[in-house]
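Peer 1: Each chain, letter by letter, is given below.
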Amino acid sequence: MSWPATEITLRLRRVGTLSAAVGLVAVMAAVGALFPAVGHTIGKLNVPTGVANLLGGADYATITGWFRSEIAEIYGPLVIAALAITGAAATTAGEEEDRILALVLAHPIRRSRLIAAKATAVALIVFVVAFAVWLGLIVGVAAGGGGITLAHMTALAVQLAFFGLATGALALALGAGTGRRSLANGGAAAVVIVGWLVNSFAPLVGAIAWLKYLTLFYYYAGHDPLARGIDSVGLLVLGLATLALTAAAVIGFEQRDLHA
Amino acid sequence: MPSLSPEPVIVTRGLSKDYGSGRGLFGLDLEVGRGEVFGFLGPNGAGKSTTMRLLLDLIKPTSGSARVLGLDVGEGSVEIRRRVGFLPGDLALYPKLTGRVVLDYLAKLRGGVDARVRDALVDRFDADLDRPIRQLSTGNRQKLGLIQAFMHEPELLILDEPIAGLDPLVQQRFHALLHEVSAKGRTVFLSSHTLSEVERVTHRLAILRQGRLVIVDSLENLRKVAVQRLEIEFGEPIDAEAFRTLPGVRDVQANGRTVTIGFEGSADAVVKAAAARDVRAIRPREDDLEDIFLRYYQDDPA
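Going down the list, the sequences are from chains S and Z. All the letters of the first sequence, read from the start, carry residue numbers 1 to 260 under the working numbering. All the letters of the second sequence, read from the start, carry residue numbers 1001 to 1302 under the working numbering.
Any given hint might turn out to be false.
Non-contacting residues of chain S with respect to chain Z, defined by C-beta distances greater than 10 Å in every case (computed) [claimed, not checked]:
1. Leu-18
2. Val-27
3. Leu-105
4. Pro-108
5. Arg-110
6. Ser-182
7. Ala-209
8. Val-233
Once the Cα atoms are required to be at most 20 Å apart in a straight line, the calculated SDA-like pairs of lysine to any residue come out as [unchecked claim]:
9. Z:Lys-1108 - S:Arg-11
10. Z:Lys-1096 - S:Leu-10
11. Z:Lys-1184 - Z:Lys-1096
12. S:Lys-212 - S:Phe-201
It is worth saying that the hints were derived from the structure and are not from the lab. All values reported here derive from a predicted model rather than from experimental measurement. Glycine residues also receive a C-beta, built at the ideal position from the N, C-alpha and C atoms.
Pulled out of the complex, with its shape left as it was, chain Z reads as follows:
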């Protein structure tokens, strides 16, 4: 993971946007360092898009402040937007126009776009530029959204649900692109509500819930407290209750001769307890952020 530079690329202090009835964003304190790929997680309505819109000055905060690339998001807005690439969630583009016309327009509106960089992105994502946008699938529209966000090689990318609708092959290309830009010291701030898609690309994660930050930590640290699962197949039906009392074990599910055990920390106790019996197979169940995520949700009383 890249080290944090002295001046973070994004800093928010008590950033709030109150839409009433408990909706909005409340007291967000966040720092994102240069070169980080930072994941912003939460279900729909948690305040992820609101945060991004505040950073781009599309909406004004009710209270608090935010700085992007060292500039105040209000006063420095035009300069910030010059140096940032943005992919809106639920991307919409002029449906009657072709991708080529729209990309040309956005490039001219921005100025200083290197056509070679854009063409390389078009090739990379295999984007269809010649059909009217209304004829494109969600995934093909999303490709245009990604191209316009990356084509001016911005210092900071703010990507709202970037993987929505992309097929697995394009997702891989997108992940590779994220690694490249991050390696060049550029910063990526991306949101998601489907966790598996950010797990492979982010250095740090923030989890947002009902407009409030639940936790910010590195993926590594979150993994340490994550629940791991092992699926163990025995030679004969066994009493699953014996596993329930082992240190670190959080849940045990038995299905005939197969037992699935969820535990925190070391696998040692579980494996040693299993070893006393006739073990046919041990299969790790890949722990994912869903588990971490759900835990933070469940532990925090609504």
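Here chain S stands alone, though its shape is the one from the complex:
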């Protein structure tokens, strides 16, 4: 670890991270406040199963279903993945493409420690966003009249944090391993989007339903944390994926030439 390298990465991502966090809390408060007005009405609509699955198994009649559809399935993972991926890609491949890394690595710091410092920064960004989701849930659910326990709201935030860590680690591995920012951003984003699509559609087709087990998204939300609480198996899988991908980032980075 090298705290200065973590600090500078956080400094560069500060505005983006904090505005996303404030935005999340505001949006979730608004979503909660809308529920008493429209939740019951939309809940009575007969939505086709495919569309319902895309919207996170839309069950708008309950506040749990409302927040699952609006936040847990789409908005939360989208924001946390976007910040984790762009942060991880920028701090590795981005700095390399901008020719800053050559100067940084002319300093007495091991490449493994530099990657550890940058991974720590990405993790802290993820925690800030997950904390904002937790805060937003508390505010939003209160505004919607209550109905989700604090434990289940915490469970969603924790699952989401682990999802963010794993997607950030994926972008870190791609960025540190290749030194190509677009590849790190695009590759990690593709994995997240495909994972989300598989979890939305695979359940509809029995033959490919098993595909969901290959996605990070399943281990985040497959257990429905807002309704059922923490999924320790999911956390374990996401945690192990994070460690393995961070290790891959270090190994990939240590063995290759820095691009000119």
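For this one, chain S is given, so just place chain Z on it according to the hints.
Peer 2: Just chain Z, lined up with the frame of chain S:
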């Protein structure tokens, strides 16, 4: 020129980095002694930056080996980097941050930087630390690059194109700084493709071409074989051909009553031949490394 210490600060043996298609660095054997200001010359793509990146372990050699400050560049890399200051060519820094923030970061990353040394360098180069780096001119960014390279008083400075973008006044300050660090026994390894900038500061020179070392010698020795030029203005038009056959003369250009003669070694024959005519003026044309340089290029068949 300082004498070479028994253990050179930089030693490379057959150092190679093959990027394919003839690009890279091939079989570099080089020794740079303590206290030397060593110039590494060649056009863009000759392998200068590649050599520097190999010395700092930013890239791994295809073959051969290199030692810096007595340590293997691979195994001793972190220790080497602790004792070396590096200015990358085409320097880039975090564009959104100010010079102050970036210098603070690099100082913390390195550890053991004396703030007084850094402040003295900031004063010396009159660097602007308070504006975001994207608002700085190339020269002002380069000042920050020089400050970070010198601020921990390293034993060895590896400077890739250090003078790029500096205005003449700052160049003079930079030259003075090089003389000071060299006088303290610290070593400077600097590259350039514009020759006039290293001529005043280097003790020895290596010329690199297409990844291969063409020559290493002292500036003094290179000067001995350098072509000197005299511009002679006569009272009447003269036959320039008479000069062409004189010993040592390499080229003669006539323009009306003015003749420019390039020659190697002593000026004696040229001056005596000119003295037989009505000479109005003799002006030396400062020979520079460009001449030496071009000669090595021309003589070596591609």
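Peer 1: Among all the numbered hints in the text so far, which are the ones the structure does not match?
Peer 2: Checked against the structure, the hints that fail are numbers 3, 4, 5, 11, while the rest are satisfied.
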